[in-house]
Amino acid sequence: MVGFTEQFGALLGIKITCSQEFEPMGTAGPLALARDKLDDGSGKPFFVLNSDVISEYPLQKMIDFHKYHGGEVSIMVTKVDEPSKYGVVVLDEKTGEVQRFVEKPKSFVGNKINAGIYLLNPTVLDKIEMRPTSIEKEIFPKIAKERNLFAMVLPGFWMDVGQPRDYITGLKLYLGSLRTKAPDKLAAGVNIVGNVLIDKSAAIGAGCLIGPDVSIGQNCVIEDGVRLSHCAIMQGARVKKHACISGAIIGWHSTIGQWARVENMTVLGEDVHLSDEVYSNGGIVLPHKEIKNSIVKPEIVM
Amino acid sequence: MLSCLQEFEASLGIKIVCSREYEPMGTAGPLALARDTLIDGSGDPFFVLNSDVISQYPLKQMMEFHKTHGGEASILVTKVDEPSKYGVVVMDELSGRVHRFVEKPQVFVGNKINAGMYLLNPEVLDRIEMRPTSIEKEVFPKIAQENKLFAMVMPGFWMDIGQPKDYLTGLKLYLESLRKTHPEKLMDGPNVLGNVLVDRSAQIGDRCLIGPDVCIGPDCIIETGVRLSRCTIMRGVKVKRHACILGSIIGWHSTVGQWARVENMTVFGEDVHLSDEMYSNGGVVLPHKQINTSILSPKILM
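One line per chain: the protein sequences are A and B, in this order.
Number 297 in our numbering belongs to position 297 of the first sequence; there are no gaps in the numbering.
Number 592 in our numbering belongs to position 290 of the second sequence; there are no gaps in the numbering.
Certain hints may be false.
Unchecked claim - Using C-beta positions, here's what the derived DEER-type ranges look like:
1) A:Glu270 x B:Glu309: 52 to 62 angstroms
2) A:Arg179 x B:Thr526: 26 to 36 angstroms
3) A:Ser275 x B:Glu572: 30 to 40 angstroms
4) A:Arg179 x B:Thr595: 26 to 36 angstroms
5) A:Asn219 x B:Asp508: 25 to 35 angstroms
6) B:Lys601 x A:Tyr57: 39 to 49 angstroms
Don't read these hints as lab results, they were simulated from the structure.
For every residue, glycine included, the Cβ atom is placed at its ideal position computed from N, Cα and C.
The shape of chain A in the complex, shown without the other chains (with noise of 0.2 angstroms):
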């Protein structure tokens, strides 16, 4: 990961830098032990991005809304069909005062959940404490009693990409997104169905069919005849001849075997090698595995 954080630095021109909880902390007060790093007295406000999201990120416009009505605090909050499985936060349509938090009401009070994505005033760490804190639960509600509590509702798509079948959809959402804003980016060509994202180090064979809604990672090696389709191919993965992956994560650095058949949610963590011919349906595997025989129903392999 520090090789990661590394890469990025240098190719976005930014310093990253990681505070470490040795303790687990809660929402909040992971902020309040990198206090020393997010306070840099100029009391300018600072982003809390949830990463287990993914969304079309309108920062600028967040600072905008966030000047605008100068509380301590703005949220991005998205709207959902199904309330009542979130967070619903209850707000003033007209101004996006944040009157109270409910959590998984029962009865219908609104339809926004809280979409993880904050824009903080330094003053909010004065309010944390330096132990396990829940931000949505303990910080947050205090400042919506004071009024300083603002909330935007998020132009565009939002997805909860914890689980695996929510990132696939977010995968989509994402690439339907780009094809919007910024279509060059997506790949084009005869072998090409839908949306799909390749990295411009990555390198596709003759004869494959990719797509829709895939996206493969830097360094991938994707051999000739291979069917890809909702499927996210992180770094360094290799996928052999004829091979034909549906509805599936191939971790980093993994590989599929020739004329080997993935689907229904499989999930292959970083090194994870699946030998030729082999049948995964739902397989979760962790890392650093070798799969010789056919995962014929969705289990964990440990």
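For chain A, the structure is supplied; the task is to place chain B on it using the hints.
This is chain B only, laid out in the frame that chain A set:
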């Protein structure tokens, strides 16, 4: 079936006649039914060959054996490991004279079973009434009592191929035997593993990997990048690009789609079409069907 027979008549220079039962006549009745066709007045014996077995058919040896003992009927027997599943033939090891038959013996009486291949003098027909009759249970025991039934132990392989699984085992044995007796009939090359028999009219694409224990019938088309192992591909079948077929039987004029996977004793009847990217795990599919969704666990599709 008739045109198939005509083809063989022409290629072998023989006459083929069909005798039709309008009600089931057992294993002996049909011989009485076909009496006029079987007796040509010459007194020569005739072969009776059950078509659900495969072996090396040592017909000449059988004729000599028949002449030597001068009895009324000769049968071929084969050695098996588990005789209790079959009808055991108890015989004199030196002369081959048959003492008796024991159906599925509870204790060990011998390990030779009826291989379903007979050589009968025309007089046998006088013993068979025109009604449903079992040759093994009614006719042979009578002839044995008269000391006129002799058994020859089958040299080489034998397999009852009535069940699909056994059909594939029989294929394996047959190809092994071919490897010893007529290796030039088997296919060779970088795309071939083990014993593979391919009709000369079949077309094989490039970058396939075929074998072991595969047989491909007349006019089949095997497209590029196909993997075949332990399977039988009947006449006129088309297997599309990158498909993978393991341990299965594909019926006449069927199609297997691109990137499809077929395994675990799948049996397709005539004119069955598996769509691209589908999976069949032991599907048993009756003729004239289009399969648009995967068959995830063994079942019969009517």
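Now the hints, each set against the structure:
no. : hint                                    : result
1   : A:Glu270 x B:Glu309: 52 to 62 angstroms : 58 angstroms, holds
2   : A:Arg179 x B:Thr526: 26 to 36 angstroms : 32 angstroms, holds
3   : A:Ser275 x B:Glu572: 30 to 40 angstroms : 34 angstroms, holds
4   : A:Arg179 x B:Thr595: 26 to 36 angstroms : 28 angstroms, holds
5   : A:Asn219 x B:Asp508: 25 to 35 angstroms : 28 angstroms, holds
6   : B:Lys601 x A:Tyr57: 39 to 49 angstroms  : 48 angstroms, holds
Every hint, counting from the list given before, is met by this structure.
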